[in-house]
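Student: Sequence:
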Amino acid sequence: MYDFVVVGVGPPGARFARRAAEDGYDVLALEKGTIGEPLACSGHVSTDIWEFTGDGAREELFQNEIYGARFHVGGPDSDDYPFYKEGVASNVIDRVGLDRHLAAVAREAGADVREEHTVTGVTEHRDRVEVVASGPDGTRTFEAKMLAGCDGPRSRVRDELALPQPEEFLHGVLAFSEEDDHEDFVDVHLTPPTFFAWRIPRGEAGVEYGLAAPPGVQVTKHFEELIDGYEIDVAHRCSGAIPIGPPDRVTSRRAFLIGDAAAQTKPFTGGGILYGMTCADHAAREIDPDRPTTLAAYERAWRDDLEREQELGRWIRRAYSLPEPVQRLGLGALSGEIGVHMDRPTSLVSLDHLKAVFSRS
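In this text, residue positions in the sequence shown follow the UniProt record's numbering: the first is 1, and each later residue adds one.
Quick caveat, the hints were computed from the structure, so don't treat them as lab data.
Careful: at least some of the hints might be erroneous.
[What the hints assert, rightly or not] If you anchor each label on the Cβ, the simulated ranges turn out as follows: (1) E143 with P82: 51 to 57 Å; (2) E86 with T141: 52 to 58 Å; (3) T141 with D77: 56 to 62 Å; (4) E65 with I316: 21 to 27 Å.
[Said to hold, decoys possible] No farther apart than 20 Å at their CA atoms in a straight line, the calculated lysine to any residue pairs in the SDA-like style are these: (5) K32 with V96; (6) K355 with S335; (7) K32 with H125; (8) K145 with H125; (9) K145 with G24; (10) K221 with R291; (11) K221 with F169; (12) K85 with V340; (13) K145 with P292; (14) K32 with R100.
On a predicted model such as this, the values are computed, not experimentally measured, just so you know.
Built from N, CA and C at the ideal position, the CB exists for glycine as well.
All chains should be modelled from the sequences, with the hints used to inform the complete structure.
Tutor: Written out as structure tokens, the structure is:
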């Protein structure tokens, strides 16, 4: 019997597997396909990412430095409102490479990481969890004291255990062009209904274009309009669900959810890499596989950390749907140097941000 079986080896699953293995627990981590594939997430992250990686990660994964963002109320030819930092605000990285790097670090820590294992059943018992998975050697049943569901927005673990769903799912689309672009600003478009689109320069790796919107919105149509506006050909298209709004409960008797499975994401961008790995750290610190009651400590810890950020993020997202004249007025008044951390909306009232705002005069 394992101490933990981890389902899903994206950043949250790999991070938890690593931390649990480092603490001496016997960990099995299962990925349904090849780690990092298919790509369904942007590679634009805060510089905090390097606190979660292993040695040599920056040299391996880094693609570009970003100092700010140009916001548009309209297409590529519309007026832009720049927001920027004096130093580096964020990095663009090899997103597929990140997954593979984090999985390798988990293996080095002692976790048994297996690809091509699709979980088809989960059963909780009083003293254990049984996980049925189909792999290269046929169907097998694994037993563990605890189960970590890190298997994304359409989580099989969440469904098998009848845990509540996130508040909503957005539809996200990504595509890439091959031109070199070392520019240090991203472009953000507030034109799609109730959400936004983006353009991210990735240095020699090309340019990433993306869009996210709620169900019922003609995502493909709006995305084509974005690409046409930039007059560029794109390839390597991919899409996926983006969970927004965590449910009231992400734990059961002997299982817990982390990352997109728990909707531990930013409501104003849909990003969840740093939030998911932060919650993985909370899980590793709080959960003892021999004491199921410690699951409640995990619920408290991650919510105490992210609840204010997610609530403020909801208010920021509401601004995406304001009338265009109001958006232009607000962006014009607020644009300039900022001291905001891209993962922490509460930094809007930080000393760094206040200094940056007052320094404009």
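Student: Each hint should be assessed against the structure and marked as holding or not.
Tutor: Do the hints match the structure? See the list:
1. The hinted range of 51 to 57 Å is satisfied by E143 and P82, whose Cβ atoms lie roughly 55 Å apart.
2. Evaluation of the 52 to 58 Å hint for E86 and T141 yields a pass: the beta carbon distance comes to about 56 Å.
3. For T141 paired with D77, a C-beta distance near 58 Å keeps the hint of 56 to 62 Å intact.
4. Range check, E65 to I316: Cβ separation about 24 Å, and the 21 to 27 Å hint holds.
5. Only pairs whose Cα atoms come within 20 Å are accepted, and K32 paired with V96 is accepted, the gap being roughly 15 Å.
6. About 14 Å separates the Cα atoms of K355 and S335, which keeps this hinted pair within 20 Å; it holds.
7. Simply put, K32 and H125 have alpha-carbon atoms about 24 Å apart, too far for the 20 Å limit, and the pair is violated.
8. The suggested pairing of K145 with H125 holds, with an alpha-carbon distance near 10 Å, which does not exceed 20 Å.
9. For the hint pairing K145 with G24, the CA-to-CA distance comes to about 14 Å; that is within 20 Å, so the pair holds.
10. The hinted pair formed by K221 and R291 fails the criterion: a straight-line CA distance of about 51 Å is larger than 20 Å.
11. The hinted pair formed by K221 and F169 meets the criterion: a straight-line CA distance of about 19 Å does not exceed 20 Å.
12. Between K85 and V340 the alpha-carbon distance is near 8 Å, which keeps this suggested pair within the 20 Å criterion.
13. Taking the CA atoms of K145 and P292, the gap is about 9 Å. The hint holds against a cut of 20 Å.
14. At most 20 Å may separate the alpha-carbon atoms for a hinted pair to count; K32 and R100 meet this at roughly 14 Å.
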